[in-house]
Amino acid sequence: MVVSDERKVIKGKLGNVNSSVGRIALIAIGLIAVIIGGIFAGQGMNLIPGSFMTGNRMWLFIGVIVAGVGITLLVLGLRRPKTGGPSK
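The working numbering numbers the first residue of the sequence shown as 1 and each following residue consecutively.
Be aware that one or more of the hints could be misleading.
[To be verified] Simulated restraints, written as ranges between beta carbons of each label pair: (1) VAL21 - GLY68: 23 to 29 angstroms; (2) ALA28 - THR54: 38 to 44 angstroms; (3) MET58 - ALA28: 25 to 31 angstroms; (4) ASN46 - LEU78: 18 to 24 angstroms; (5) PRO49 - ILE29: 24 to 30 angstroms.
Keep in mind that the hints were calculated from the coordinates and are not lab data. We put the CB at the ideal spot given by N, CA and C, even for glycine.
Whole structure, please, built from the sequences with the hints as guidance.
Quick look at the structure:
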């Protein structure tokens, strides 16, 4: 079957796709992106002073996008199976 062959190739080159390390990495990167996005958005909205980014709306939009990507990564990481085996 083609699907099982693709899984073997992915497992052989990248390790187990559903590993707990990958799950933790997605959650950690997502959390960092949400925090950074929140800081950027706060500076863009002039809520966090002390930077060249303060009051510049461009940083508000960049922050919202970065936070959105972070939320997506968090959801993907939290929805992955906790074990390294195939999901049932």
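Hint check:
| no. | hint | in the structure |
| --- | --- | --- |
| 1 | VAL21 - GLY68: 23 to 29 angstroms | holds (25 angstroms) |
| 2 | ALA28 - THR54: 38 to 44 angstroms | violated (28 angstroms) |
| 3 | MET58 - ALA28: 25 to 31 angstroms | holds (27 angstroms) |
| 4 | ASN46 - LEU78: 18 to 24 angstroms | violated (33 angstroms) |
| 5 | PRO49 - ILE29: 24 to 30 angstroms | holds (28 angstroms) |
Hint violations for this structure: numbers 2, 4, all remaining hints satisfied.
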